[in-house]
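Assemble the whole structure, with the sequences as input and the hints as a guide.
Chains as they are written, first to last, in our numbering: chain A, 16 to 287; chain B, 16 to 287; chain C, 16 to 287; chain D, 16 to 287.
There's no promise every hint is true.
Where chains are identical, the list cannot tell them apart; a pair therefore holds if satisfied intra-copy or between any two copies.
Claimed, not checked - Below, in silico cross-link-like pairs of lysine to any residue (SDA-like), each with a Cα-Cα straight-line distance of 20 Å or less:
| id | residue 1 | residue 2 |
| --- | --- | --- |
| 1 | LYS81 | ARG37 |
| 2 | LYS98 | ALA66 |
| 3 | LYS98 | THR65 |
| 4 | LYS98 | GLY63 |
| 5 | LYS98 | LYS144 |
| 6 | LYS81 | ASN122 |
| 7 | LYS98 | PRO64 |
| 8 | LYS204 | ALA259 |
Source of the hints: derived by calculation from the structure; they are not laboratory data.
There are 4 protein chains.
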Amino acid sequence: MNTVTDKGVISARPMADVQGSRDHRNLAIDRVGVRSLRYPVLVQTEQGPTASVANFSMAVALPADKKGTHMSRFVALLETMNKQCQALSPEVMSELSRDLLVLLEANQGSLSAAFPFFIEKAAPVSGVKSLMDYQVVLQAESSPGKATVAIEVRVPVKSLCPCSKEISDYGAHNQRSEVTLRAEFAEGKVPSLEALIRAVEAQASCELWGLLKRPDEKYVTERAYDNAKFVEDLVRDVALSVKAFAGVVSFSVEAENFESIHNHSAWARITG
Amino acid sequence: MNTVTDKGVISARPMADVQGSRDHRNLAIDRVGVRSLRYPVLVQTEQGPTASVANFSMAVALPADKKGTHMSRFVALLETMNKQCQALSPEVMSELSRDLLVLLEANQGSLSAAFPFFIEKAAPVSGVKSLMDYQVVLQAESSPGKATVAIEVRVPVKSLCPCSKEISDYGAHNQRSEVTLRAEFAEGKVPSLEALIRAVEAQASCELWGLLKRPDEKYVTERAYDNAKFVEDLVRDVALSVKAFAGVVSFSVEAENFESIHNHSAWARITG
Amino acid sequence: MNTVTDKGVISARPMADVQGSRDHRNLAIDRVGVRSLRYPVLVQTEQGPTASVANFSMAVALPADKKGTHMSRFVALLETMNKQCQALSPEVMSELSRDLLVLLEANQGSLSAAFPFFIEKAAPVSGVKSLMDYQVVLQAESSPGKATVAIEVRVPVKSLCPCSKEISDYGAHNQRSEVTLRAEFAEGKVPSLEALIRAVEAQASCELWGLLKRPDEKYVTERAYDNAKFVEDLVRDVALSVKAFAGVVSFSVEAENFESIHNHSAWARITG
Amino acid sequence: MNTVTDKGVISARPMADVQGSRDHRNLAIDRVGVRSLRYPVLVQTEQGPTASVANFSMAVALPADKKGTHMSRFVALLETMNKQCQALSPEVMSELSRDLLVLLEANQGSLSAAFPFFIEKAAPVSGVKSLMDYQVVLQAESSPGKATVAIEVRVPVKSLCPCSKEISDYGAHNQRSEVTLRAEFAEGKVPSLEALIRAVEAQASCELWGLLKRPDEKYVTERAYDNAKFVEDLVRDVALSVKAFAGVVSFSVEAENFESIHNHSAWARITG
Numbered sequence: 016m017n018t019v020t021d022k023g024v025i026s027a028r029p030m031a032d033v034q035g036s037r038d039h040r041n042l043a044i045d046r047v048g049v050r051s052l053r054y055p056v057l058v059q060t061e062q063g064p065t066a067s068v069a070n071f072s073m074a075v076a077l078p079a080d081k082k083g084t085h086m087s088r089f090v091a092l093l094e095t096m097n098k099q100c101q102a103l104s105p106e107v108m109s110e111l112s113r114d115l116l117v118l119l120e121a122n123q124g125s126l127s128a129a130f131p132f133f134i135e136k137a138a139p140v141s142g143v144k145s146l147m148d149y150q151v152v153l154q155a156e157s158s159p160g161k162a163t164v165a166i167e168v169r170v171p172v173k174s175l176c177p178c179s180k181e182i183s184d185y186g187a188h189n190q191r192s193e194v195t196l197r198a199e200f201a202e203g204k205v206p207s208l209e210a211l212i213r214a215v216e217a218q219a220s221c222e223l224w225g226l227l228k229r230p231d232e233k234y235v236t237e238r239a240y241d242n243a244k245f246v247e248d249l250v251r252d253v254a255l256s257v258k259a260f261a262g263v264v265s266f267s268v269e270a271e272n273f274e275s276i277h278n279h280s281a282w283a284r285i286t287g
Numbered sequence: 016m017n018t019v020t021d022k023g024v025i026s027a028r029p030m031a032d033v034q035g036s037r038d039h040r041n042l043a044i045d046r047v048g049v050r051s052l053r054y055p056v057l058v059q060t061e062q063g064p065t066a067s068v069a070n071f072s073m074a075v076a077l078p079a080d081k082k083g084t085h086m087s088r089f090v091a092l093l094e095t096m097n098k099q100c101q102a103l104s105p106e107v108m109s110e111l112s113r114d115l116l117v118l119l120e121a122n123q124g125s126l127s128a129a130f131p132f133f134i135e136k137a138a139p140v141s142g143v144k145s146l147m148d149y150q151v152v153l154q155a156e157s158s159p160g161k162a163t164v165a166i167e168v169r170v171p172v173k174s175l176c177p178c179s180k181e182i183s184d185y186g187a188h189n190q191r192s193e194v195t196l197r198a199e200f201a202e203g204k205v206p207s208l209e210a211l212i213r214a215v216e217a218q219a220s221c222e223l224w225g226l227l228k229r230p231d232e233k234y235v236t237e238r239a240y241d242n243a244k245f246v247e248d249l250v251r252d253v254a255l256s257v258k259a260f261a262g263v264v265s266f267s268v269e270a271e272n273f274e275s276i277h278n279h280s281a282w283a284r285i286t287g
Numbered sequence: 016m017n018t019v020t021d022k023g024v025i026s027a028r029p030m031a032d033v034q035g036s037r038d039h040r041n042l043a044i045d046r047v048g049v050r051s052l053r054y055p056v057l058v059q060t061e062q063g064p065t066a067s068v069a070n071f072s073m074a075v076a077l078p079a080d081k082k083g084t085h086m087s088r089f090v091a092l093l094e095t096m097n098k099q100c101q102a103l104s105p106e107v108m109s110e111l112s113r114d115l116l117v118l119l120e121a122n123q124g125s126l127s128a129a130f131p132f133f134i135e136k137a138a139p140v141s142g143v144k145s146l147m148d149y150q151v152v153l154q155a156e157s158s159p160g161k162a163t164v165a166i167e168v169r170v171p172v173k174s175l176c177p178c179s180k181e182i183s184d185y186g187a188h189n190q191r192s193e194v195t196l197r198a199e200f201a202e203g204k205v206p207s208l209e210a211l212i213r214a215v216e217a218q219a220s221c222e223l224w225g226l227l228k229r230p231d232e233k234y235v236t237e238r239a240y241d242n243a244k245f246v247e248d249l250v251r252d253v254a255l256s257v258k259a260f261a262g263v264v265s266f267s268v269e270a271e272n273f274e275s276i277h278n279h280s281a282w283a284r285i286t287g
Numbered sequence: 016m017n018t019v020t021d022k023g024v025i026s027a028r029p030m031a032d033v034q035g036s037r038d039h040r041n042l043a044i045d046r047v048g049v050r051s052l053r054y055p056v057l058v059q060t061e062q063g064p065t066a067s068v069a070n071f072s073m074a075v076a077l078p079a080d081k082k083g084t085h086m087s088r089f090v091a092l093l094e095t096m097n098k099q100c101q102a103l104s105p106e107v108m109s110e111l112s113r114d115l116l117v118l119l120e121a122n123q124g125s126l127s128a129a130f131p132f133f134i135e136k137a138a139p140v141s142g143v144k145s146l147m148d149y150q151v152v153l154q155a156e157s158s159p160g161k162a163t164v165a166i167e168v169r170v171p172v173k174s175l176c177p178c179s180k181e182i183s184d185y186g187a188h189n190q191r192s193e194v195t196l197r198a199e200f201a202e203g204k205v206p207s208l209e210a211l212i213r214a215v216e217a218q219a220s221c222e223l224w225g226l227l228k229r230p231d232e233k234y235v236t237e238r239a240y241d242n243a244k245f246v247e248d249l250v251r252d253v254a255l256s257v258k259a260f261a262g263v264v265s266f267s268v269e270a271e272n273f274e275s276i277h278n279h280s281a282w283a284r285i286t287g
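Below, the structure written as structure tokens:
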């Protein structure tokens, strides 16, 4: 063993900085950092900051001549965010991803936060209110003087099959589906998470609610039947909605139907 | 360090058996063993042995005065099973759980194997054939001279809501559901996995298939509509079916509907 | 179709209450309700209420002559809790489980909430502070005039193998482990979540932290080496700690080592 | 309802082909198909075909003027593969992805199969034999006259921290890690799955085995201690190994250390 300090006593002599030593393999690393780090967060919503719990990934580029990065500094950045009670938003993610470059002495960085997000919704007929949950991911990429942020929302909806409706004397199979919309917007043109979620829900056979009374259940049933859509229709209609947002730079839309007549999913994706 | 052997050389002197030493805390351990051990298996079916991959858990009771069990012997038992090409069945699981007691010098043991199981099914109208997959767990408990085996099958089905059908002018919400049947049978009275799965499927609003042609899809849609069931109906009807099996000693039936109008599940359980 | 209302118009005549009708199968249901319902929550801690997101399961017993339960009332109970900003604690869970009986007109009920829980910890040498996350489940069971609550904490720790230490000339394999402690306490004797978590951490080869500086990493490495424990030692030592709590009615302790020398886990359980 | 057939009777008149109708949104779909389809498979190994269970995803491009794809044909392709007992290999995946284009009348397609894969390994000192499991993904992309196949292997290994070893008087923290290697090779130059897995294992602090006797455990412990590697070292050394394979067209290497001193992972990636 190479240290000479007594056990349990911290030496006055600084400890060896193995990570900071020179690497001789001449191979740069695209990204190195931490994953699966859970932290309580505030999230910016249309009604102000609300609490959630996020799963963070953070990483930076490492030049060919450096042996290692400084893992503890990633966690230190989250501690700072937490202490300052900064509410997550695309702008704050962009800022944090730039702080990452400074803190880690890096020239490229990535930062993502995945968290459940809640919206209070009124049932369509009775108006009774309840929360619906959505999974959101904010993903920032930074280089000196530049940062881009992609927003991903996963929206559970109902889909009803047009073929089943057409060929059957009555009824039509329907099921829960999940639409994943991921988009990047020009600065100053970033819509709220709620606006993106509503844009998806409007294109489903029917949207979902946490709490429905009988008149609401009748509405949902008939609305879905009147509004049959294949998984192909779903991704096309959501893609057209997203294109209509001012300032959209790029996007992808995926839909997965957890088929109620099979034990597998129907799935489609459009990118633009 | 306490060994005196040269590095990399195995000493002629036997290595210390730490696990085999005496424990002084006077506290017996209910179960100790291994988990999340994946092994290729053969499974006994109505058509003979078929291949799958199982996730094994294995454990034994440890008396108060023993420090540790012999972890490598659990894996050795699977190696023996694999080498002998034994096909898993309730009887073989019972045998293996008794072997476990001998091998681990224990007086109580548990052994479980969870694996995907496939049945070839013919579509209801076109007759076209395809495989459907089910999750199965075989769980054995043994003590000297005695072993019991529980069979668990997880059967994905379709459920259609009677309330939605009743109150709506047309259509009815429906969704994928999962029925979990767990049962223990008297010796010599154990039904095949296929028989248990068919007993569950017969009680659903409709069963599922991997491959359906348009006439089949019409049949499935109308059959489910004609056969609306709440999650409560589903567990009751499956429970009645299970009670009708000769030799059933105990059972539990759970059903979970992945609701197509909510982002949560409806769920029910009957034990008997 | 059996309704006479015009499409899209809610009839003045009350809608049929299918769930409320009489059932003729003469089979009571142990539990029926909802699952996988995510809701933002406040959780009672030693420092006061803090925010988290919980996954709820809620269910009641259904008598043999009733066709169905009232699913929407489960969600209504969470809405009430949320509106009143009630912080979850064993006492509040017990209260909610009694409210469940009244609201659902039932004589037995179950209610569980699973959520991530955070504790700020100071690193062992540098004292630098960061959050650690734990999974907690509060599980209540109620019948008229009675409610019991079990607390489950899942605590990630480090384990170091005594056998590997004993037989090797240097080093010893170690790994991340998870200890799951579940316990029920007499009324008025319920410890804080933090106290239970600390009781588990104190028995590991070493506890974990989110953020460690080099002197801390040296401490953790040496502390684990000085404190080697088998998975059997871990469950025994935690079980002894739990028994020392005043008012403990029943408990189970499980430990799972995600072995660093195998691709499976070592696992043990003690109940008392 | 629009059909005129009697319920349950298949009309002589062909059923409407809704999917085959013309779409007017003028929006092509990148990929549409099925997901999460489990099927038993044979996998080509150095010892010949062995059984496993695969999770398939299959999708094709859909032109702007077509309303939908023919979902049942994806499943039909798997049925054909299963009936012919074709063993999966990069070549067979490439063939299947070309069949997909013909069957679905498409000009681009994707096909992936994810499955557990087993290798019999001899323990390093005792030579005792046991199986180790690895997750493998074969991913094919096809267009007329062209198909490329990427191979992904997920290899669980042991990593031991150089910093912890350097600064501590004794011991060093170590843990289970997972290395994910994904690579594409020129035709005729595709190595076996076993060769890729061995290339990864050779670069870890130490590889893993299912079954180890005490002399093996001593070897693994000391070998890892003698061979300390950061997550950065791990991805660099594996990347250098992969580059040395003849015919490698592109690759990515990721490593994730399930840290035994934290409740999060250290992670790195190199692409080339």
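Looking back at the hints listed earlier, which ones does the structure fail to meet? As far as the earlier hints go, not one is violated by this structure.
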